[in-house]
Amino acid sequence: MPGEKIITFRIRRFDPEADSAPHWESYAVSVFEGMTVLEALHKIKAEQAPTLAWRSSCRMGVCGSCGMFVNQLPQLACQTQVLHLKADVISIEPLPNYPNVKDLVPDLQPLFEKHTQVKPFIIRLDDIQEMEHPAGEFLQTPEEREAFSQFTYCIKCGLCLAACPTVATDPHFLGPQALTQAYRYSADNRDDGVYNRLDSVDAFHGAYQCHMAGACSHACPKGVDPAFAIQLLKRTLVLDHFGFGKKEAQTAAVLPLADVVKALEEFAPPPRTVK
Amino acid sequence: MRETRFWSLHILVVPLILILLGAHFAIMHYAPIFYAMSVEKAREFATMIERGKSVGQFVIYILLLAAGLYHGLYGTRGILRELPLPATLAKWVDVGMVIFGVTIFALGVYVTWWTFSFDWGG
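Protein sequence lines, in the order shown, are assigned to chains A and B. All residue numbers in the first sequence are consecutive under our numbering, ending with 275. All residue numbers in the second sequence are consecutive under our numbering, ending with 1122.
Source of the hints: derived by calculation from the structure; they are not laboratory data. Some hints here could point you the wrong way.
Facing chain A, a subset of chain B residues (Cβ under 10 angstroms, in silico) [stated by the list, open to error]:
{"no.": "1", "residue": "R1043"}
{"no.": "2", "residue": "G1078"}
{"no.": "3", "residue": "L1083"}
Partial chain A-side listing against chain B, Cβ under 10 angstroms, derived [unchecked claim]:
{"no.": "4", "residue": "A203"}
{"no.": "5", "residue": "A207"}
{"no.": "6", "residue": "Q209"}
{"no.": "7", "residue": "V238"}
A virtual CB, placed ideally from N, CA and C, is assigned to each residue, including glycine.
For reference, chain A alone in the conformation it holds in the complex (with noise of 0.2 angstroms):
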């Protein structure tokens, strides 16, 4: 194929069945343009090195499975071409600030952990009737959306955790990604969870403990700025606590199901030209 090149591969292997500790292995791959590093990993384990493992599912970078330390940095390798990396010899390591599972597998326990603590979803304190048994839908205007919109696209990846040098020495800091859903959450206009989830954001190992290093940014495959929703989180709790800018106590908007239905059918398709 033109264009064809032998890259070396260097990859840290680890079997807890076999190994005492990680090794380095080395495979030479012929490359193309437009192969990712999946793909490289792929051919890797069909030719050479049939136990060689990692996570992965996509193949398209939304799933977040296929995480790992890329010549040094965290990065979906599904999202990574070989060749765009400009180096003769890669190197290939499970995602740092988690434990190791298999070779290039991670535990992400940590992550999801983190995650759950700061309760990522919408909590209303005013209307359980709803929450329990949705009746409707509460209303949101786009510029309301807008205002927490780029945190929604969190793929719970964990690079940004694997950048993270604050989580590399604290393993206890709850970390961008959950940081950033807790700032998600806190800042949508149905929620009315800020102080439920005080007693891990607004704590040691909370928000205040992000030295701004901005990696996780750098990290984020989906462009979410985590770095960014952390001094806005931080802005929202300072602000709340010497009471400004408290979150005013919405009565529930809740939009009848018929009434949504109704608005469907105005806003319906037109028939089809095409049978």
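Starting from the known structure of chain A, fit chain B onto it as the hints suggest.
Then chain B, alone, in the frame of chain A:
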């Protein structure tokens, strides 16, 4: 207590430290400019005792001591607590910082008060 309170205070004391440190520099290091006095003269024991009797100086140094200690110890606590310490030891870091801060503050207040109330005996 929420971390926001501690963190906000450590930010809020910064302008206070800048102003009070400015006053300290004016008094001690830029005496030739502000008081038409040589630096050596400004640092003499007799001059310091004389200056220490001023209520303004007393207030400035107590406030500077409190603000500087809080800001510095909050930062030190942050560095120490970032280490992977067991929960009990982390708690002791907090307790130790409070004890250390209160002790140093008490010592500073004592020295400032000693200067403020110094009597030459004549």
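Hints versus structure:
no., hint, verdict
1, R1043, "violated, 39 angstroms"
2, G1078, "holds, 8 angstroms"
3, L1083, "holds, 8 angstroms"
4, A203, "holds, 6 angstroms"
5, A207, "holds, 8 angstroms"
6, Q209, "holds, 7 angstroms"
7, V238, "holds, 5 angstroms"
Violated hint for the displayed structure: number 1, the only one.
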